[in-house]
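There are 2 protein chains.
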Amino acid sequence: MKNILLIGAGRSTISLIDYLIDNLEKEDWNLTVADQNIDFTKSKIGSNSRTSAIQFDVNNEEQRSKEIGNADIIISMLPAHMHISVAKDCIKFKKNMVTASYVSKEMRALESEAIQNGVTIINEIGVDPGIDHLSAMKVIDEIRAVGGEILEFETFTGGLVAPESDDNPWNYKFTWNPRNVVLAGQGGAVKFIQSGTYKYIPYHKLFRRTEIIEVEGYGKFEGYANRDSLMYRSVYNLEDVKTMYRGTLRRPGFSRAWNVFVQLGATDDSYTIANSDELTFRDFINLFLAYNPTDSVELKLKHYLNMHQDDVALFEKLEWLGIFETTKIPLKNATPAQILQYILEQKWSLNKDDKDMIVMWHKFIFSLNGEEKELHSSMVVKGEDSIRTAMAKTVGYPVAIAAKMILNGKINTPGVHIPIMKEIYEPVLKELKNFGINFSEKQIR
Amino acid sequence: MKNILLIGAGRSTISLIDYLIDNLEKEDWNLTVADQNIDFTKSKIGSNSRTSAIQFDVNNEEQRSKEIGNADIIISMLPAHMHISVAKDCIKFKKNMVTASYVSKEMRALESEAIQNGVTIINEIGVDPGIDHLSAMKVIDEIRAVGGEILEFETFTGGLVAPESDDNPWNYKFTWNPRNVVLAGQGGAVKFIQSGTYKYIPYHKLFRRTEIIEVEGYGKFEGYANRDSLMYRSVYNLEDVKTMYRGTLRRPGFSRAWNVFVQLGATDDSYTIANSDELTFRDFINLFLAYNPTDSVELKLKHYLNMHQDDVALFEKLEWLGIFETTKIPLKNATPAQILQYILEQKWSLNKDDKDMIVMWHKFIFSLNGEEKELHSSMVVKGEDSIRTAMAKTVGYPVAIAAKMILNGKINTPGVHIPIMKEIYEPVLKELKNFGINFSEKQIR
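Chains G and Z, in that order, are what the protein sequence lines are.
Under my numbering, think of the first position of the first sequence as 126, with each following residue one higher.
Under my numbering, think of the first position of the second sequence as 126, with each following residue one higher.
Hints were generated in silico from the structure; no laboratory data involved.
Keep in mind that the hints are not guaranteed to be accurate.
Note: identical chains are not told apart, hence a pair may lie in one copy or across any two.
Said to hold, decoys possible - Here are the computed lysine-lysine pairs in the DSBU-like style, where the Cα-Cα straight-line distance is at most 30 Å:
#: 1; residue 1: LYS457; residue 2: LYS230
#: 2; residue 1: LYS167; residue 2: LYS427
#: 3; residue 1: LYS427; residue 2: LYS345
#: 4; residue 1: LYS507; residue 2: LYS217
#: 5; residue 1: LYS477; residue 2: LYS127
#: 6; residue 1: LYS453; residue 2: LYS213
#: 7; residue 1: LYS151; residue 2: LYS555
#: 8; residue 1: LYS151; residue 2: LYS345
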């Protein structure tokens with residue numbers, strides 16, 4: 126009998142918990158779900174003699190040591206910056222661990238200790254990062270196996286709303302943490318390489334540097350660049366690749382409209398507005414516009430950002446959000462980003478029966494037998510409703526499968542890893558098909 | 126006999142040292158100049174039985190305590206962030222202190238300790254901040270004295286090149302720390318209030334929100350907003366003022382061209398470019414432009430930033446800087462801001478005989494006897510050459526005069542101050558006239 130300790134039971138863990146519970150008997154597992162919110166956690170795991178919910182504070186060293194010491198594997202679904210104390214205890218008690226988060230510097234620094242203690246820590250095995258690594262490495266290895274050489278690699282992922290629930294001019298709703306959506310792209314210049322030339326994009330230009338892609342059966346999307354793509358050259362062992370570009374997908378037109386908020390400064394989270402609870406949505410927009418004693422907020426905005434008077438596609442998005450209305454902001458001492466998030470949440474929240482959609486698209490250009498070839502690979506996953514979302518599935522299932530593989534001894538190389546090895550991606554991708562998470566490949570030339 | 130300890134003998138301290146040396150005999154002072162670079166310091170103070178130069182490391186606690194303990198007053202001309210350890214020692218040894226820097230949070234926090242120990246610390250008594258406080262408070266107090274009420278206050282200062290040395294299309298040269306010029310406006314949104322409405326400008330819009338002002342005899346200037354103007358409402362005791370705006374002056378056209386570098390991301394100091402020493406100036410600009418297999422860097426730049434093909438005034442500024450040339454960048458692992466600074470230093474450095482110029486301009490709108498009135502007050506100071514600059518004079522003389530007043534017991538209120546009291550601004554402004562630092566006032570209506 127094996128004990129699984131799942132730490133953190135937030136919104137995106139429902140499919141992970143489903144999977145673990147479905148396999149308790151067959152695999153002879155016990156599951157402990159540890160979260161700050163015990164009632165919510167209890168409601169998620171239901172009643173089962175093999176499950177228990179505990180109230181858990183990751184900063185409580187005694188409790189953390191005890192629970193980690195009692196488990197055979199630890200799955201941490203905490204926010205990224207909270208994994209480290211868990212990882213250190215895992216190494217101390219020689220327990221394996223799985224997370225869906227980006228490997229932080231602090232996590233990377235644990236590599237040699239993990240190896241010395243025979244501990245395996247798998248990270249970046251959710252969705253972007255996660256399924257993108259699995260599916261890209263599969264194609265890259267296949268191309269190499271027949272003697273091809275990868276010349277260019279681009280990969281895009283988007284968490285969007287499914288077409289059947291898409292009923293607003295932005296073609297967008299919040300399907301994960303709204304704060305992260307508002308702050309997306311902040312925290313350093315975006316870096317990539319294109320056709321052998323390094324490219325750097327500052328935040329205020331990011332949403333004007335989009336590419337259009339098409340996914341068969343799902344129409345057009347636009348992509349903007351994501352964080353530091355350069356470091357993935359070494360991660361994927363593509364040191365000499367001429368293009369390495371990781372991006373985020375939205376429906377066409379989103380980025381141009383979102384850029385309005387970026388240009389205004391309305392996504393700034395670095396200072397608070399002292400009188401924010403005295404302001405209306407309209408006042409909020411006016412904070413960022415040059416003073417004019419007679420012009421309306423709408424007119425000032427159009428002039429300031431050089432919008433065409435008849436640019437209906439752009440302006441209807443802004444109006445639909447209610448940003449020109451005189452609704453009061455109920456937040457005290459809030460940052461611009463917090464106020465904008467509040468305004469967006471009034472409009473962009475999923476309804477109970479809304480379905481979300483994860484779209485992933487890879488483009489590989491490679492040379493084979495002296496010819497240049499192009500291959501596209503894409504995945505579309507839809508949620509069932511606003512609880513069992515595509516986001517929850519694509520994050521949760523690969524995490525669960527990786528945990529199972531570690532428990533069954535199929536992943537057993539100690540160290541701090543991301544899932545780029547065939548021994549991991551092949552079985553995970555295979556099992557993901559059972560859940561409708563599936564890639565279509567298309568040879569373009 | 127009084128001992129003056131001057132810590133930090135950088136470029137802008139020459140006039141301060143001149144003043145102190147000129148008054149050594151008359152005032153019965155000894156002067157110790159403490160700096161990391163002893164040779165440079167020695168050359169500055171010449172030979173005089175009342176002066177000495179010492180090699181000084183502000184982080185050497187023993188040396189710091191000893192020298193501060195031996196002095197009667199400490200003038201710190203160190204970079205702003207290095208004043209705190211000096212200020213703490215001044216409080217410990219009950220010594221008064223003068224700096225030209227903005228009062229930091231850490232400095233402000235020393236207020237009650239300073240009072241308890243009977244120590245006076247005068248800050249912000251150079252130029253912007255400094256002479257702007259002195260001259261503005263003089264007019265504000267005069268208006269109040271006759272029963273007027275200040276409705277609006279705007280103040281602008283610029284460190285520029287004098288017309289007779291102005292020989293480039295930017296009408297600009299570096300007259301103080303080039304790094305601060307490249308990074309100007311970064312580090313948080315600009316905040317001010319205009320006609321009763323709060324306004325916030327993000328960095329990427331700052332250089333497009335300029336105002337034009339004219340100074341009689343010196344032509345037109347443009348101003349962009351400076352840091353947080355809001356806090357100066359309480360500092361100047363103008364809590365209900367409808368406009369409070371502090372800005373920086375450049376010659377018209379500067380900001381629009383500088384904005385090109387801001388938009389590109391070329392002023393970013395947050396990341397390094399790994400292969401910077403392999404790049405040319407032209408490659409550097411190309412890092413920020415969207416990839417295109419055929420278009421020239423010039424054409425891509427024009428398209429990207431929506432420049433008109435015939436916008437000669439803008440484009441000649443960029444070309445004149447040499448940014449399209451294939452000169453190698455000799456810096457390893459440099460940030461964009463460091464590379465841009467290097468490029469600018471090739472062109473914007475003062476020649477030996479060049480004169481700089483400090484321009485300050487205040488606008489007061491006030492009500493008096495039921496009527497709305499407007500008064501402008503302005504100051505223009507030119508340097509003698511590239512050593513005895515206007516910057517050195519306008520920073521150094523008020524600092525020196527404040528130090529003298531403290532030594533003579535004319536400033537004796539303990540605490541952390543900025544020079545807004547009549548007891549300080551009146552005598553300082555009066556003495557500054559001897560050095561050609563003088564305001565003209567003009568009643569507009």
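*Kindly indicate which numbered hints from before are broken by the structure, ordering the numbers from low to high.*
Violated hints: 2, 4, 5, 6, 8; rest satisfied.
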